[in-house]
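Residue numbers (my numbering): 1 to 736.
Note that these hints are calculated values from the structure, not bench results.
Some hints could be false.
Said to hold, decoys possible - Quick list of in silico lysine to any residue cross-link-like pairs, SDA-like style, CA-CA up to 20 Å:
(1) Lys480 <-> Asn176
(2) Lys327 <-> Gly34
(3) Lys450 <-> Ser572
(4) Lys582 <-> Ser572
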Amino acid sequence: MINLTTFHSCIAQSNARGYDLDNKQKEAVEYSGGSLWLIAGPGSGKSEVLVTRTLKLLCVDGIKPRSILLTTFTQKAARNLEDRLATYLVALQNADSSLRDVDLAEIRIGTLHSLCNDILQEYRYPKYQNVRLLDQVEQDLFVYRHASIADHQDLNFWTQFAHAVRDWRDKKYPPNKWKRAKAAVTLFNHIVEDYVDVQKMILAGENWATLAGFYQQYTQALRDKYRCDFAHLQACFLEFLTSSASKRFLEGDGQNQLPLLHILVDEYQDTNPIQEQIYLALANQTPHSITVVGDDDQALYRFRGGNVSCMVNFDKACLAAFGVSPKQIQLDKNYRSHSSIVNFFNDYITSFPEMKTSGVRAPGKNPVNAASSITGSYPAVSWITQKNAGNLPDAVASLIKNHLIGDGIISDLSQCVLLMRSAKDSKNNAGLYLAAFQKYNIPVYNPRSKSFMESEEVQCLLAALVQVIDRKHTFSYKYKDPTGKPLSWVATIDEWFKTLDIVRSKSQVATQQLDDYLKRSNEELPKLCAFNNQSVFLNLNLLEIIYRILALEPFQTWQQDPVRNLRLSKVSRLFDGYHSFKLDGLRSNSDGTDLDPGFLHRFYSMFISYLIDAGIDDDEDEEVIVPQGYLPVMTIHQAKGLEFPFVLVGQLGKRGEVGAAQILERDLEPFRQDIYPRNTRTPELLAVEDDIRLLYVAYSRAQHGLILVGTQDHIKNHVAAPGRNYTNFRQNTLVI
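Turn these sequences into a full structure, and let the hints guide you.
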């Protein structure tokens, strides 16, 4: 082992971290008294503290790696922590050779979902044996096929839960089956993740009792089919932790199995109630050594089930579960931003009456203190405004081209970023900005410019697949509503073929390989059907066809592009999920002239309509690596955890919608199995809080300059300016 002084000096060397921790950071690293509540403001070095605390447990305290569990919000964050742990450990091993036996691979590190899965399998928990874990697509398909709620067409029921139904336009009629299935997934996941007592729902009667019955039928179907979704994975793990089956995992066996001694949780502000119960169960043994790290002011993921009250009320949770309060340490020095930017976002987050209500923010929070080396008396916070919102994109493009780049303030476009709620290439989102950047010859990095299903590579891949299996394009005339009009998804498939034709017309894109394959497939498939003329399965499935198409140009070239490759890989995963239901084997019709129409009907009505209706988007967890020479245009969610010398923030007048997340947080409150009282607010107030936190995250990404982009109305109408005080904002902000 190594002593504490040597430990700190080794990691501060240039081949490791390269600098010393401040006093509060060191206090957090060295704390050994039990539960630790680490509130980390923006730019305060929370990841450094988490990594250093983990290494201190290993190298100073002599804790075995297998006795440490470290959870992160994403797999990407887990990889980043692993890389940093490995780098710093080398510096420590060079100073003390006895540390060469420390095996970081033995630490349980990853997302909570991945750790739940691994531990349940490792300890062979009976209720998780021989179970297939469903991903999001597979859960959607499972509900569509096996959950009775998907066939429930009672208008009164769906009207009560309309907030969970995506794009339900004509509310005189029940939503279609796919919309019902997707809404059911939302409702079922919230029931689990909000730690709801289903018996209380049953006693509430009416539609709540009906929903509870549907939920019970769904969970029984999961058990009958040996399936488990991600929400129930957590429920299963909590059941494991509170049973005798977990004794060896938690306490060890005194021989080869080490006890679990330390739990460290990153991004705790995005935890949900069932995860809160899991962490409390993991740390139930004295001295309750759990460290939670996060910032309630940066909670962005209510729409994915996160409940910021878990972070805000961690002291109440510890008191209720352990009988003792946690140690609270606030990392309140900001090493990222100019002092004017720090003062601005400090003033911003504390200026709204909504944020001053008890239970909205962690109690006793200190303001963030500027500690960056960035100095100077220039106006670090400024405002681009125009009378007409349509003129803002040109003003932004001109500022970047002629001032930031032209005057040498930045040396590369990647040193500034435009942050928006949505980076989609549409008029109401980033479209006008993207057009202005093109006019000013500013190359843009914007992986979210199109939705997943609108992207060229996805549409071409799906069009090619349809051409293989439906050479006569039966979709265009067989699938109609009761009035005789083609179903809505038919026009979408037509658009896919138009996209493929456009790609074919581009001289720089090679499509001959693909065209040859499609022609050959259309010639050979009837022969194959004739050979297997007893209505038997052909030796082929949709996933295999997808892989064959991906091996051809232009897909081979497209897969060299990281963004395109992510999307094409996701298509493969979608079809892998469909394939798991054993519905996609190609089958000949009875007379051997073509494919079985029943196969095509399942494919179109069950899967293609799902792809179109489900609102599938790019994965949130993709690695954001901005190439040099490009201006990044990002969503604020994408920028979480990142920093840029100059940050421009657009769409300031736009409000977040009151949706299922806010409404269900309120509506499920009477049924939750809370161990302490939570402060419940209206969905409208929750939506305002979410908007304030979103802009707080955006504003705190900036290092040298923060530039707000909006008209006077944008600043006046919502929460863009501190305290909604336009006059004060106008007087204290440089107008560009």
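Against which earlier hints does the structure fall short, listed by number upward?
-> Checked against the structure, no hint fails, so every one of them is satisfied.
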